[in-house]
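Asks: For the protein sequence lines, the chains are D and C, in the order given.
Using the working numbering, the first residue of the first sequence is number 106, and each one after it goes up by one.
Using the working numbering, the first residue of the second sequence is number 2, and each one after it goes up by one.
One thing to keep in mind: the hints can contain errors.
As the list claims (entries may be wrong) - Keeping only pairs whose Cα atoms sit at most 20 Å apart, straight-line, the calculated EDC-like set for lysine to aspartate or glutamate is:
1) D:K224 x C:D127
2) C:K62 x C:E121
3) D:K195 x D:E111
4) D:K224 x C:E120
5) C:K62 x C:D42
6) C:K62 x C:D127
7) C:K62 x C:D86
8) D:K282 x C:D127
9) D:K224 x C:E121
10) D:K195 x D:D338
11) D:K195 x D:E340
12) D:K195 x D:E260
13) D:K282 x C:E33
14) D:K195 x D:E261
15) C:K62 x C:D81
16) D:K282 x C:E128
17) D:K224 x C:D97
18) C:K62 x C:D97
19) C:K62 x C:E101
20) C:K62 x C:E92
21) D:K224 x C:E128
FYI, nobody ran anything at the bench for these hints, they're computed from the structure.
If you're wondering where the values come from, they're calculated on a predicted model, not measured in any experiment.
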Amino acid sequence: MASLKEWWHRLGSPRTFYAIAQRAGPWFTGLGVAAIVVALTWGLAFAPPDYQQGNSFRIMYLHVPTAILAQSVYMMLGAAGLVLLVWRMKLADMVIVAAAPFGMSMTALALVTGAIWGKPTWGAWWVWDARTTSMLVQLFLYFGLIALRQAIPREETAGRACAILAVVGTVNIPIIKYSVDWWLTLHQPSTFTLTAAPSMPPEMYLPLLVSVLGFYALFAGLVFARTSNVILDRERSTAWVRALVREQTS
Amino acid sequence: MNPIRRNRLIAVLFLLAGVGVTTALVLTALNENINLFYPPDAIVAGEAPVGARIRAGGMVKEGSVEHADDRLAVRFVISDLAGADVPVVYEGMLPDLFREGQGVLCTGRLGADGVFVAEEVLAKHDENYMPPELGAMHKKPA
Chain D
106 MASLKEWWHR
116 LGSPRTFYAI
126 AQRAGPWFTG
136 LGVAAIVVAL
146 TWGLAFAPPD
156 YQQGNSFRIM
166 YLHVPTAILA
176 QSVYMMLGAA
186 GLVLLVWRMK
196 LADMVIVAAA
206 PFGMSMTALA
216 LVTGAIWGKP
226 TWGAWWVWDA
236 RTTSMLVQLF
246 LYFGLIALRQ
256 AIPREETAGR
266 ACAILAVVGT
276 VNIPIIKYSV
286 DWWLTLHQPS
296 TFTLTAAPSM
306 PPEMYLPLLV
316 SVLGFYALFA
326 GLVFARTSNV
336 ILDRERSTAW
346 VRALVREQTS
Chain C
2 MNPIRRNRLI
12 AVLFLLAGVG
22 VTTALVLTAL
32 NENINLFYPP
42 DAIVAGEAPV
52 GARIRAGGMV
62 KEGSVEHADD
72 RLAVRFVISD
82 LAGADVPVVY
92 EGMLPDLFRE
102 GQGVLCTGRL
112 GADGVFVAEE
122 VLAKHDENYM
132 PPELGAMHKK
142 PA
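With the hints as extra help, turn the sequences into a complete structure.
Replies: As structure tokens, this is what we get:
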């Protein structure tokens with residue numbers, strides 16, 4: 106237990122995290138980009154068309170991972186918010202700042218690809234059903250988080266306000282997830298559940314799986330890189346950052 | 002965990018629980034309004050308002066689609082496949098995925114005679130995907 110606690114405190118130190126991020130970040134980014142390229146080529150060019158939707162179903166190879174990431178990133182922001190509020194760990198705030206724009210981009214992409222998918226299949230770009238509306242709320246939560254951060258000049262206050270919004274906002278996640286089961290929606294229910302076999306053959310879901318894993322890896326890589334930048338900026342007056350800058354510029 | 006942190010944790014969890022319960026109550030209260038459409042059984046049971054602009058959703062009943070010869074007019078029946086059927090009339094372009102046995106979402110008005118006059122028809126696709134060869138084998142996916 107003591108070692109776990111020690112590890113937790115060490116990880117919370119921006120300097121240790123910076124070292125880990127510098128080493129691991131590029132690997133995750135590289136792996137993520139490679140997996141996404143493979144998955145999209147596979148899914149867009151080689152997977153069979155759907156018996157009902159033809160080729161238009163292929164946009165799912167972009168739509169599903171971005172929608173999953175939009176929610177996973179927010180869950181991570183909520184967890185980081187909890188850590189910041191309870192343990193006052195500075196690093197948690199830095200991670201929130203670094204990850205929020207990525208989550209916002211994923212949410213926007215999920216909405217845009219959903220609209221592009223909706224036009225040929227449903228016959229409408231947008232429908233105000235529970236799934237699409239709760240996803241739009243999610244986008245506004247990301248906007249709110251980023252705007253709130255920039256509206257409060259004092260770093261510590263801004264961090265805490267954002268942490269509260271991040272924690273409270275996680276309430277929307279189960280609403281998005283179960284919207285298609287709780288209410289009548291135009292959006293179809295989930296193809297993948299933990300309890301039943303996927304209603305899609307492997308030659309269709311394997312590229313999707315690779316795409317989802319690729320987006321997660323890309324997210325990890327970009328969060329490492331962006332958090333590193335935030336660390337350098339915020340810790341610029343500390344001895345270790347000064348030494349690092351001297352070392353790299355000399 | 003030291004007492005200060007424990008108290009902060011309890012405060013945050015209370016906040017989360019409070020917001021969660023509030024949201025759950027609001028959504029429960031608004032339940033009827035969040036549903037995008039009326040299913041056929043609700044329309045048959047008279048729960049849908051007559052003459053107001055509403056949405057009706059269901060499966061297009063097999064063998065019920067009748068196209069007019071000289072116009073885009075079409076009549077079909079939407080069903081919940083459990084006995085509740087609602088006749089629909091529509092004039093206009095149908096989405097590509099419109100076919101018998103598929104889900105549709107119609108926007109329009111329910112007449113006093115029980116016929117739904119649609120102004121817009123959207124297709125609802127399900128969560129099952131398969132290649133065309135398999136799709137031909139399973140004419141009706143489970």
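Asks: Give a verdict on every hint.
Replies: Each hint, compared with the structure:
Distance hint between K224 (chain D) and D127 (chain C) is fulfilled; the C-alpha atoms sit about 15 Å from each other, no more than 20 Å. Distance restraint check for K62 (chain C) and E121 (chain C): the Cα-Cα separation of roughly 18 Å lies within the 20 Å cut-off, and the hinted pair is therefore satisfied. For the hint pairing K195 (chain D) with E111 (chain D), the CA-to-CA distance comes to about 16 Å; that is within 20 Å, so the pair holds. For the given pair, K224 (chain D) sits about 17 Å from E120 (chain C) by alpha-carbon distance, which is consistent with the 20 Å threshold.
Proximity of K62 (chain C) to D42 (chain C) is assessed by CA-CA distance (about 14 Å); at most 20 Å being required, the pair is judged to hold. Pair hint K62 (chain C) plus D127 (chain C) holds up; C-alpha atoms about 16 Å apart against a cutoff of 20 Å. Taken as a hint, the K62 (chain C) and D86 (chain C) pair is honoured in the structure, with Cα atoms around 8 Å apart against an allowance of 20 Å. The hinted pair formed by K282 (chain D) and D127 (chain C) meets the criterion: a straight-line CA distance of about 17 Å does not exceed 20 Å.
Between K224 (chain D) and E121 (chain C), the direct Cα distance comes to roughly 13 Å. Compliance with the 20 Å bound is thereby established for this hinted pair. Annotation: proposed proximity of K195 (chain D) to D338 (chain D) holds, straight-line Cα distance about 13 Å (limit 20 Å). In summary, the hint linking K195 (chain D) to E340 (chain D) is supported, as the alpha carbons are separated by about 11 Å, within the 20 Å threshold. Annotation: proposed proximity of K195 (chain D) to E260 (chain D) holds, straight-line Cα distance about 10 Å (limit 20 Å).
Between K282 (chain D) and E33 (chain C) the CA atoms are separated by roughly 19 Å; this keeps the pair inside 20 Å, and the hint holds. For the hint linking K195 (chain D) to E261 (chain D), the alpha-carbon distance of about 9 Å falls within 20 Å, and the restraint holds. A C-alpha spacing of about 9 Å is found between K62 (chain C) and D81 (chain C), which places the hinted pair at or below 20 Å, so the restraint holds. For the hint pairing K282 (chain D) with E128 (chain C), the CA-to-CA distance comes to about 15 Å; that is within 20 Å, so the pair holds.
For the given pair, K224 (chain D) sits about 10 Å from D97 (chain C) by alpha-carbon distance, which is consistent with the 20 Å threshold. At roughly 17 Å between alpha-carbon atoms, K62 (chain C) and D97 (chain C) fall within 20 Å of each other, so this suggested pair holds. For the proposed pair K62 (chain C) and E101 (chain C), the alpha carbon gap of about 6 Å is at most 20 Å, so the pair holds. This hinted pair checks out: K62 (chain C) and E92 (chain C) have alpha carbons roughly 18 Å apart, not beyond 20 Å.
For the suggested pair K224 (chain D) and E128 (chain C), the alpha carbons sit about 17 Å apart, so the restraint of at most 20 Å is met.
Of the numbered hints listed earlier, not one is contradicted by the structure.
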